[in-house]
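There are 2 protein chains.
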Amino acid sequence: MDKLPINNAQLDTLVLEWMDEIRQFILKEIKNPLTIKTKSNARDLVTNLDRTVEQMYIAKIKQLNPAARILSEEGFGDEVNNLDGPVWIIDPIDGTMNFVKQHDEYASMLAYFYDGEAQGAWIMDVVKNEVVHGGPTQGVRLNKATMEEPTENKLDQSIISFSGTHLLYDHYQYQNIARMALGYRVYGSAGISFIRLLKGQCGGFTSVLKPWDFAAGLVLCRSLGLQVETLDGQPLDMLSSNVILASQKQVMADIKMLTNTSSNL
Amino acid sequence: MDKLPINNAQLDTLVLEWMDEIRQFILKEIKNPLTIKTKSNARDLVTNLDRTVEQMYIAKIKQLNPAARILSEEGFGDEVNNLDGPVWIIDPIDGTMNFVKQHDEYASMLAYFYDGEAQGAWIMDVVKNEVVHGGPTQGVRLNKATMEEPTENKLDQSIISFSGTHLLYDHYQYQNIARMALGYRVYGSAGISFIRLLKGQCGGFTSVLKPWDFAAGLVLCRSLGLQVETLDGQPLDMLSSNVILASQKQVMADIKMLTNTSSNL
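So the protein lines, in turn, are chains A and B.
Take my numbering: the final residue in the first sequence is number 265, and no numbers are missing along the way.
Take my numbering: the final residue in the second sequence is number 530, and no numbers are missing along the way.
Note that these hints are calculated values from the structure, not bench results.
Keep in mind the model is a prediction, meaning the values are calculated, not measured.
Incorrect hints may have been included.
[Unchecked claim] Away from chain B, derived, C-beta distances all over 12 Å, residues of chain A: (1) ASN7; (2) ASP20; (3) SER40; (4) GLN63; (5) LEU64; (6) GLU74; (7) LYS101; (8) HIS103; (9) TYR114; (10) ASP115; (11) GLY116; (12) LYS128; (13) ASN143; (14) ARG185; (15) GLN250; (16) MET257.
[Stated by the list, open to error] To be clear about the criterion: a stretch of chain A counts as covered by chain B if any three or more of its residues have a C-beta under 8 Å from a C-beta of chain B, and this derived list gives those stretches: (17) 28-37; (18) 168-178.
Note that the Cβ used here is the ideal one computed from N, Cα and C, for glycine as well.
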């Protein structure tokens, strides 16, 4: 299958242009009334803008590389069962409840793989106009500034970001982890949580995530020296839902120790 | 006791100047290493900057009105046992864990009362450079823009902001409230939570708060048509700790119905 006609640095520049256009489109359109529908349950929201933005990304990707396959949240992409050749994973608007109710703290995310190898990833905090972008060979930047691996902390010196629902119902020992942390936060967006982790504002982030929720975060975290694993001992599957823990190394060790110890009781 | 030599509109202009100076001071000083100490427990942090900023506010207030009494978080104010005459309530830096670990999502808050009557209140999101300010006679503004009372929603259509600790340990039926809400968030700062409530981004905020944590929020919420009550049926005491619920009217009714019903089971 076709490689892209441009290298990863050129691709990064191009995708940043796409995202700037998408950002301006979202901020203009959000002033109009949104059409809001529910998906799997009353809290799983989708708007007309989620769908339109996904179609805009897909058109740009297919124009760049008609052979690319696209795994995307709102279903306008392809049926993707493997990572052979060029594959894009897209979340047009992540944190849709924040988007709908707050017009703040939502993200737009893209990740690009070739034959399963990460080539680049992008997470945009739309309102703050911040994009964290990069990959394994090119490092990670926040807009134009190079990011460094955050300073290591232990769990009890770290703020951990959680999925609200799974914390509330105490799945995966989340309440136990929260008690051992210095503090915890619930932001309502995986993209915003990954950005805070990458900046070192949080020491870890855990949630049950679909590929479009975690692909860009996984690529950027690993590129910056942070760890991404499953919390339930299942193999990490890039093409399905996972209990993702992304964190600094020491936080990962502390949480794994805590959850392994507790499950043996 | 002495009234101020200026009216509330002039006072508002003056305090906004103070806050702009404080903001620039904090953003400059935060680049230096902080001296961090713990207070009541390992998660109750105070820094040298909390203390310095409080002293800066107190010097400005005493210069304006030497008769003013000051109730403040870090203890440089006065012993205040009533609201007679001119009284200021100050939280120099609210959300100290966010301040220390994230350098983001912390607030600075002031409220001014005369003989128990609110005259003005100010909450500044330091990093975003946003100040919500106003009072019962002058309305509420976000920086220079007049704010309107947020559109009413029911609890199950609202995002509620909680104190992380009390939610985690399920005090005051918080987990029950969170389950009935559309969604919930934990931000780690009362000031940031009040701003989101005032903007309509959240439908309610509840936490156990000291006077300096809730005084400015209470004044601004009530001035904008939002409700502030206790959640545990105790009389609201401006001079001590309260289980505060600040919310839109319908959210207040829904939560009171829920917590009364549940406590009768």
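For each hint, the structure was consulted:
| no. | hint | verdict |
| --- | --- | --- |
| 1 | ASN7 | holds, 34 Å |
| 2 | ASP20 | holds, 21 Å |
| 3 | SER40 | holds, 15 Å |
| 4 | GLN63 | holds, 37 Å |
| 5 | LEU64 | holds, 35 Å |
| 6 | GLU74 | holds, 20 Å |
| 7 | LYS101 | violated, 5 Å |
| 8 | HIS103 | violated, 8 Å |
| 9 | TYR114 | holds, 35 Å |
| 10 | ASP115 | holds, 38 Å |
| 11 | GLY116 | holds, 34 Å |
| 12 | LYS128 | violated, 9 Å |
| 13 | ASN143 | holds, 16 Å |
| 14 | ARG185 | violated, 5 Å |
| 15 | GLN250 | holds, 15 Å |
| 16 | MET257 | holds, 19 Å |
| 17 | 28-37 | violated (count 0) |
| 18 | 168-178 | holds (count 3) |
Checked against the numbered hints above, the structure violates hints 7, 8, 12, 14 and 17; every other hint is satisfied.
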